[in-house]
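Colleague: Given the sequences, and given the hints that come with them, work out the whole structure.
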Amino acid sequence: MANVLRNSAKFGFSGVLSQLSIHSRHGRECVSPCFSLQQRNNSTSPKIKVDLDSSTGVAVLRMQSPPVNSLSLDFLTEFCINLEKLEMDRSCRGLIITSTLSKVFSAGLDIMEMYGKSPERCGEFWKAVQEMWLKLYGSNMATIAAINGSSPAGGCLMSLGCDYRIMADNPRYSIGLNETQLGIVAPFWFKDTLVNTVGNRAAELSLELGLLYSAPDALKIGLVDQLVPEDQVLSTAQDTMSKWLAVPDHARQITKSMMRKPTIDKLLSNREADITNFVSFITKDSIQKSLRMYLEMLKSRKA
Amino acid sequence: MANVLRNSAKFGFSGVLSQLSIHSRHGRECVSPCFSLQQRNNSTSPKIKVDLDSSTGVAVLRMQSPPVNSLSLDFLTEFCINLEKLEMDRSCRGLIITSTLSKVFSAGLDIMEMYGKSPERCGEFWKAVQEMWLKLYGSNMVTMAAINGSSPAGGCLMSLGCDYRIMADNPRYSIGLNETQLGIVAPFWFKDTLVNTVGNRAAELSLELGLLYSAPDALKIGLVDQLVPEDQVLSTAQDTMSKWLAVPDHARQIDQCVISVCIYYINTSPLPPDHARQIDQCVISVCI
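Chains as they are written, first to last, in the working numbering: chain S, 1272 to 1574; chain L, 325 to 612.
Derived by calculation from the structure, the hints in this document are not laboratory data. Fair warning: there could be bad hints in the mix.
What the hints assert, rightly or not - As a list, the in silico DSS-like pairs of lysine-lysine whose alpha-carbon atoms are at most 25 Å apart:
| no. | chain 1 | residue 1 | chain 2 | residue 2 |
| --- | --- | --- | --- | --- |
| 1 | L | Lys544 | S | Lys1514 |
| 2 | S | Lys1406 | S | Lys1320 |
| 3 | S | Lys1573 | S | Lys1374 |
| 4 | L | Lys459 | L | Lys409 |
| 5 | L | Lys544 | S | Lys1491 |
| 6 | S | Lys1320 | S | Lys1398 |
Unchecked claim - Non-contacting residues of chain S with respect to chain L, defined by C-beta distances greater than 12 Å in every case (computed):
| no. | residue |
| --- | --- |
| 7 | Lys1398 |
| 8 | Pro1442 |
| 9 | Val1499 |
| 10 | Lys1555 |
To be verified - Simulated DEER-style distance windows between Cβ atoms:
| no. | chain 1 | residue 1 | chain 2 | residue 2 | range |
| --- | --- | --- | --- | --- | --- |
| 11 | S | Asn1548 | L | Gly447 | 38 to 48 Å |
| 12 | S | Pro1390 | L | His574 | 56 to 66 Å |
| 13 | S | Gly1454 | L | Thr560 | 46 to 56 Å |
| 14 | L | His574 | S | Ile1535 | 32 to 42 Å |
| 15 | L | Gly447 | S | Asn1471 | 44 to 54 Å |
| 16 | S | Asp1440 | L | Ile583 | 31 to 41 Å |
| 17 | S | Cys1351 | L | Ile583 | 39 to 49 Å |
| 18 | S | Ile1352 | L | Val571 | 55 to 65 Å |
Even glycine gets a Cβ: it sits at the ideal position worked out from N, Cα and C.
Modeller: Listed below in structure tokens is the structure:
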């Protein structure tokens, strides 16, 4: 408890703080699969850092929201704002997404956005999750995920939204849509994105079992496209990006849109219903209880 | 220039002639990816030669339109006429498509059909491209592509229209839908055919980057089904064909119909009259 209070003081945080533990489980670096706790801090330091090289037309978006780049409402809002800016910037043709945090790309949706929140607030959060995917999956830019750490659930979704996925060749890093492990269900558009990438059978198996794949296994099933040593993930992404940008933009963009539009339209035409479904599901007593138990489990791990 | 004029005389051609170069690029035989220039010649030599063995029921269609079997309006028209003849010939159950030209199966759509032509003429050409795919992809015959050379874009589409693809095991030969490399976009039905063959992810990557795969890589992603030494491509196709023809025709054809119908419904366009008739025929012949 004293430890917790000390940390609270450190981060200018009042109230109970649960720190996420990056613990080893089956020899893998697990970053609290599916959800994570984001420290509530009042700091205005940006959760995302973007560097656009106008000469190459390539932007690098670095997620820097400790401890695990949780997708909170704030984070997602910042993410979308940055994406929109880059999308409208004619000098930006390609985007690489990576993490500054050791061992983790993104641990996924911030559980605190779903626990003990009003239905309205949950709906606002879910809309932001949808927006992140819509903007990323439908982006005109060539997008590459430089996955330099573990990436469960929402983190996996983010990487699946990109055109190409390069991951660190470290069997201790894992990636996958593991919602069912926590008693939740990945929405249909998570499923669609996964099917589009690994095929129907692999997606069915993956989603029903809530599988987290080690980097080598992820490559085997085509969840990621390439494995490289960890210190080469970003540079490989840069090299790969030049290949993508060598293709005439309009041809590549029209082709990408032709491939992805049906999937995107499915969510667009069902957006409100999807939010309603999520809110009624997540606010159920039984689900809130699961979330509470999960939070307790995290706390006890830390203590 | 003298060389060009000499060649013009040789092929009875007036006007500027651009010869296609089969050049090496990254160690691969590239045949002017995506498009090629067909020599305009007045010769009436057929661009396509068909041999039907009535005892086996297998036809071999040889593309012999130098330099690179470009899909011109004439070529496509000849192709479709031949296909229709075979389709209506009750003794013909299987079709193998191959090339007589060294190093190339087909270099794809003839660029001269698209450059400096009237909109009407372009429309006529495109209709012929559609017709080739419709007739081939929807054929009742067992169809095999014996790919004995490089096959970019339109050539790749033609091979994808077949039931099975056997390619020469030569890393210098390449195959793929490389339209975007030339700033063009493969139409949705090219995309559909590719997705049906290699899956959505591979198709997305392939189309966006306009990838040309070496024969070994094409095998890896399932763009082709089998690699054999170049001198065995046709014989392997013949052997494989016998296996396919061992399947009762009706069952195989109905499956094909069902699959084709699904594709049409997905595209929500009215069923072309031909196809409606074929499906009716399938259903009727099964009932009988």
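Colleague: Each of the hints needs a verdict: does it hold here or not?
Modeller: These are the hints, each one checked on the structure:
1. L:Lys544 / S:Lys1514: holds, 21 Å
2. S:Lys1406 / S:Lys1320: With Cα atoms ~18 Å apart, S:Lys1406 and S:Lys1320 stay inside 25 Å; holds.
3. S:Lys1573 / S:Lys1374: holds, 18 Å
4. L:Lys459 / L:Lys409: holds, 11 Å
5. L:Lys544 / S:Lys1491: Since the Cα atoms of L:Lys544 and S:Lys1491 sit roughly 13 Å apart, the hinted pair holds (cutoff 25 Å).
6. S:Lys1320 / S:Lys1398: Roughly 23 Å separates the two Cα atoms, so the pair holds.
7. Lys1398: holds, 27 Å
8. Pro1442: holds, 23 Å
9. Val1499: Per Cβ check, S:Val1499 is outside 12 Å of chain L; nearest 17 Å; holds.
10. Lys1555: holds, 34 Å
11. S:Asn1548 / L:Gly447: 38 to 48 Å: holds, 47 Å
12. S:Pro1390 / L:His574: 56 to 66 Å: The hinted range 56 to 66 Å holds for S:Pro1390 and L:His574, with Cβ atoms some 58 Å apart.
13. S:Gly1454 / L:Thr560: 46 to 56 Å: Holds - the Cβ-Cβ distance for S:Gly1454 and L:Thr560, about 53 Å, lies within 46 to 56 Å.
14. L:His574 / S:Ile1535: 32 to 42 Å: holds, 41 Å
15. L:Gly447 / S:Asn1471: 44 to 54 Å: With a Cβ separation near 38 Å, L:Gly447 and S:Asn1471 fall outside 44 to 54 Å, so the hint is violated.
16. S:Asp1440 / L:Ile583: 31 to 41 Å: holds, 40 Å
17. S:Cys1351 / L:Ile583: 39 to 49 Å: Since the Cβ atoms of S:Cys1351 and L:Ile583 sit about 41 Å apart, the hinted range of 39 to 49 Å holds.
18. S:Ile1352 / L:Val571: 55 to 65 Å: holds, 58 Å
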